[in-house]
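Student: Top to bottom, those sequences are chains L and V. Each residue of the first sequence is one higher than the one before, counting from 55 in the working numbering. Each residue of the second sequence is one higher than the one before, counting from 55 in the working numbering.
It should be emphasised that the hints constitute simulated quantities derived from the structure, not laboratory data. None of these values were measured; they are calculated from a predicted model. Be a bit skeptical, because a hint or two may be false.
Which copy is meant is left open, because identical chains are indistinguishable; a pair holds if it fits in one copy or across any two.
In silico lysine-lysine, BS3-like type, Cα no more than 27 Å apart, as pairs [unchecked claim]:
| # | residue 1 | residue 2 |
| --- | --- | --- |
| 1 | Lys205 | Lys92 |
| 2 | Lys205 | Lys101 |
| 3 | Lys139 | Lys92 |
Number of protein chains: 2
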Amino acid sequence: MYNGFWLFNAIKLKENPNIMQMVRYNCALTVDCVIFCKEGVVLIKRKNPPFQGDYALPGGFVDEDETAEEACIRETFEETGLTIKDPQLAGVYSSPGRDPRGRTVSIAFFAKADNQSLQAGDDAAEATVISDWQNISLAFDHKKIIRDTLKRHQ
Amino acid sequence: MYNGFWLFNAIKLKENPNIMQMVRYNCALTVDCVIFCKEGVVLIKRKNPPFQGDYALPGGFVDEDETAEEACIRETFEETGLTIKDPQLAGVYSSPGRDPRGRTVSIAFFAKADNQSLQAGDDAAEATVISDWQNISLAFDHKKIIRDTLKRHQ
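Here chain L stands alone, though its shape is the one from the complex:
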């Protein structure tokens, strides 16, 4: 679907080898945020496909004018009402095929928050703390993300 642009780019480069080739986008970058509290993990219920109705970590796509950390803070607030500070890198999840919509790579962060202000945002049907996350269906590879983060941080 991008052939027209890249052909144009290739011709420009051939005509003038000193100009710089533009980068070719190769994935959709997302963030996911693992927030543990005394009662469990903060999860949202997905409002839209894929995995509609399943629980998932708060997160979403990185905007073009923000870093992954900034996206994590923004998405967590939008989906849960929680303000997190200083999210810590927990892992990078890049297996091809982890998202049925296409190639997404997720940067997972670990954060602490005061869950008193928990409330569902626009993209989430429900934001809640789940203690029994090991035994419910979670979207994407989010169960693995939580397990990995738990091993590393607690």
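Once you have looked at the hints, place chain V on chain L.
Tutor: Just chain V, lined up with the frame of chain L:
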């Protein structure tokens, strides 16, 4: 440049709200590999713009059929001849504007290797171990990546 496809996608979705929206690629994902050895850090001399002629960490773009870890192992071998095992996540570098060619986000890894087999590959003019990396010009934010990794791992 992608408008045609996304318009088509939007029309399909309007006609059939049950189909899943494809993800929109939002960055070029790259990997960089920090390899310390007794004498310094393994660096390559860049053959192509941007930062042509500057030293840089071995690395490159993630292919669509591989994870970031696999890309790190492949690119390090291609550019330096070194075989690394089990690269460890060192950081994610996602500041908008860190690459003059467009939005690139780099997953940095930390690895150990036997530098006896060091040799420049196709994309690199030179692969070498530099002890004085603090005082030379490095491409992109690679000096920061090395400093951050050094703080965390040594």
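Student: All hints are to be evaluated individually against the structure, with a verdict given for each.
Tutor: Do the hints match the structure? See the list:
no., hint, in the structure
1, Lys205 to Lys92, "within (16 Å within a copy, 31 Å between copies)"
2, Lys205 to Lys101, "neither (29 Å within a copy, 41 Å between copies)"
3, Lys139 to Lys92, "within (18 Å within a copy, 37 Å between copies)"
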